[in-house]
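Following the hints, position chain B against chain A.
2 protein chains.
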Amino acid sequence: MSTPFPDKPRIAIIGAGALGCYYGARLVKAGEDVHFLVRSNRAALMAQGLKVKTPTERISARKIQVYGSANEIGPCDLVIIATKATANEALKSILPPLLKPDTAVLTLQNGLGVEEPIADIVGPGRVVGAICYIGCMRTAPGVVSCSFPGLMTIGKFGKPAGERTQAVAALLRRAGVKCNAQDNLEAQRWHKLVWNVPFNGLAIVAGGITTDVLIADEGLKLLARRLMEEIVEAAAKFGHEISRSFVDLQFERTAMMGAYRPSSLIDFEEGRDVELEEIWGEPVRRAKSVGAAVPRMEMLYWLIKQRLAARNAALKAKARKR
Amino acid sequence: MSTPFPDKPRIAIIGAGALGCYYGARLVKAGEDVHFLVRSNRAALMAQGLKVKTPTERISARKIQVYGSANEIGPCDLVIIATKATANEALKSILPPLLKPDTAVLTLQNGLGVEEPIADIVGPGRVVGAICYIGCMRTAPGVVSCSFPGLMTIGKFGKPAGERTQAVAALLRRAGVKCNAQDNLEAQRWHKLVWNVPFNGLAIVAGGITTDVLIADEGLKLLARRLMEEIVEAAAKFGHEISRSFVDLQFERTAMMGAYRPSSLIDFEEGRDVELEEIWGEPVRRAKSVGAAVPRMEMLYWLIKQRLAARNAALKAKARKR
Numbered sequence: 001m002s003t004p005f006p007d008k009p010r011i012a013i014i015g016a017g018a019l020g021c022y023y024g025a026r027l028v029k030a031g032e033d034v035h036f037l038v039r040s041n042r043a044a045l046m047a048q049g050l051k052v053k054t055p056t057e058r059i060s061a062r063k064i065q066v067y068g069s070a071n072e073i074g075p076c077d078l079v080i081i082a083t084k085a086t087a088n089e090a091l092k093s094i095l096p097p098l099l100k101p102d103t104a105v106l107t108l109q110n111g112l113g114v115e116e117p118i119a120d121i122v123g124p125g126r127v128v129g130a131i132c133y134i135g136c137m138r139t140a141p142g143v144v145s146c147s148f149p150g151l152m153t154i155g156k157f158g159k160p161a162g163e164r165t166q167a168v169a170a171l172l173r174r175a176g177v178k179c180n181a182q183d184n185l186e187a188q189r190w191h192k193l194v195w196n197v198p199f200n201g202l203a204i205v206a207g208g209i210t211t212d213v214l215i216a217d218e219g220l221k222l223l224a225r226r227l228m229e230e231i232v233e234a235a236a237k238f239g240h241e242i243s244r245s246f247v248d249l250q251f252e253r254t255a256m257m258g259a260y261r262p263s264s265l266i267d268f269e270e271g272r273d274v275e276l277e278e279i280w281g282e283p284v285r286r287a288k289s290v291g292a293a294v295p296r297m298e299m300l301y302w303l304i305k306q307r308l309a310a311r312n313a314a315l316k317a318k319a320r321k322r
Numbered sequence: 001m002s003t004p005f006p007d008k009p010r011i012a013i014i015g016a017g018a019l020g021c022y023y024g025a026r027l028v029k030a031g032e033d034v035h036f037l038v039r040s041n042r043a044a045l046m047a048q049g050l051k052v053k054t055p056t057e058r059i060s061a062r063k064i065q066v067y068g069s070a071n072e073i074g075p076c077d078l079v080i081i082a083t084k085a086t087a088n089e090a091l092k093s094i095l096p097p098l099l100k101p102d103t104a105v106l107t108l109q110n111g112l113g114v115e116e117p118i119a120d121i122v123g124p125g126r127v128v129g130a131i132c133y134i135g136c137m138r139t140a141p142g143v144v145s146c147s148f149p150g151l152m153t154i155g156k157f158g159k160p161a162g163e164r165t166q167a168v169a170a171l172l173r174r175a176g177v178k179c180n181a182q183d184n185l186e187a188q189r190w191h192k193l194v195w196n197v198p199f200n201g202l203a204i205v206a207g208g209i210t211t212d213v214l215i216a217d218e219g220l221k222l223l224a225r226r227l228m229e230e231i232v233e234a235a236a237k238f239g240h241e242i243s244r245s246f247v248d249l250q251f252e253r254t255a256m257m258g259a260y261r262p263s264s265l266i267d268f269e270e271g272r273d274v275e276l277e278e279i280w281g282e283p284v285r286r287a288k289s290v291g292a293a294v295p296r297m298e299m300l301y302w303l304i305k306q307r308l309a310a311r312n313a314a315l316k317a318k319a320r321k322r
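So the sequence lines, in the order shown, correspond to chains A and B.
Each residue of the first sequence is one higher than the last, beginning at 1 in UniProt numbering.
Each residue of the second sequence is one higher than the last, beginning at 1 in UniProt numbering.
No wet-lab data here; the hints were simulated from the structure.
Any given hint could be a false lead.
Because identical chains share one entry, a pair is satisfied inside a single copy or across any pair of copies.
To be verified - Derived lysine-lysine pairs resembling DSS-like cross-links, with alpha carbons at most 27 Å apart:
#	residue 1	residue 2
1	LYS192	LYS318
2	LYS221	LYS316
3	LYS305	LYS221
4	LYS178	LYS63
5	LYS221	LYS288
6	LYS237	LYS288
7	LYS237	LYS63
All figures in this text were calculated on a predicted structure; none of them were measured in a lab.
Next comes chain A alone, as it looks inside the complex (with noise of 0.2 Å):
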């Protein structure tokens, strides 16, 4: 990757969620060169464009590029993906012609062990991972309600971030995006999961309830810290150091938050795909081979695992009734 990132660069973005619409339309409105590949509501996000609003702002991009495959949209330097790691199996032929020699691939998406696949596909050195500390949810295609802008955390794949991903994480700030790029992505992720686990699980798992609803339960709150603590057990095994005090922080910060839905609580009542596996499965897999002790991490994961069959099945039923 010898060649500088361009000013101008060609962006395509993969997915039209929720994180799709809400950077897209930042990066739009900011006069960016945004393509937006989109499996569903082509043409609604063409006639009515992206609009998003945060608690401070509204962001209106009437005119997209929106594209319904990957060759329409051709090689671009930076490639974004927002859609769910459990939708991982069509980037296989997504990716490909998006890409020149020197394309970045940003993924937005949560957990663990969700740059592998994309550099198995795209090879590792040009993978860069982000952790989005964002609190957004997509009402109606293209429309997006923000509850909490919060920040975003670029960092190249198990390397240190490079000129190139100082360059993405650039153009993300001139956007109007918070985001810093570091250099161990990894314990990036580690301190993503103190708050994921606990709080997207435990709001499956206790029946639905929002966050506020979850740290007004002695019990509930009490087990959210046991679960951050095995968490920082686990990371530190890998040499990822967690602070206590940003343990602490994860309980101020949820505070604040209010009546907030996790978004695999969201996912799981709205009977989409859950990020089982990477917010869940794999931290366990990693923390227990490396012989970190994470029993209620490992009694979540079986327990969402659970609800999540019982949720298909019952959806399932619900469609043959149809």
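Structure of chain B alone, referenced to chain A:
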């Protein structure tokens, strides 16, 4: 307790739930002098008596003696407590009028710490605990459907079984109950937890599933085993050895039970009290007090506690609407 247990003891049974009706019907049918103390359905019980259906028998006791207060019954030789531990407060006024100097008080309550509050009322010397391995359900006042009659193990509180405990066991055997007296009641109670903790608990937390569904789920089945192992380890710290084969046996027995709804799940779903502290809370506290690691059992306790609180809040809201 020097006087011998009478050949035809005067027996009081407190409560006409599934267990009170089941054992009561057997004792009445065997010609024993049984006096039922009930809070509700007195007229129905007097008019219709008791009807018990097991896989092999139909037991009908048409004429039974039913009372609304302990004073009407007066002193007995044996008092059988067939109400839940969650209703123990009432025993403070119920038990004293039923006592002679040497009355045996047999509690059928589930879990750990159920003898202590009774001993506080009647003195420890007369308390006998029963562990009922039974699957039965009250379907209407006085009507019990018993899918699995099982057996009953009784033991003296804090002491080896004496003559009187043996006499109570013999009385129950004469009434057709497979009953034996054991010397170590506490060890028996830990044995019972091996099944109750995982199956009663997970059935609730996993969204109201029967035991066949539970053991068909790979993760939940493994989780049930891990929970059992925690109980085995905790029990060992108290000097109670539970064998590996006993753990295996639980799964074999459960496989034969079919689509079984654990009693706590029934209680949970029908809006009744659940023995949260006796089956989960107290075992967790005792285990932790001796340094046994019970992370999964504690997590299960917290999850059930939250589900119960949510259920109670929903019931309250519904009652207000009426």
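Numbered hints the structure breaks, given as an ascending list: Of the numbered hints, 1 and 7 do not hold.
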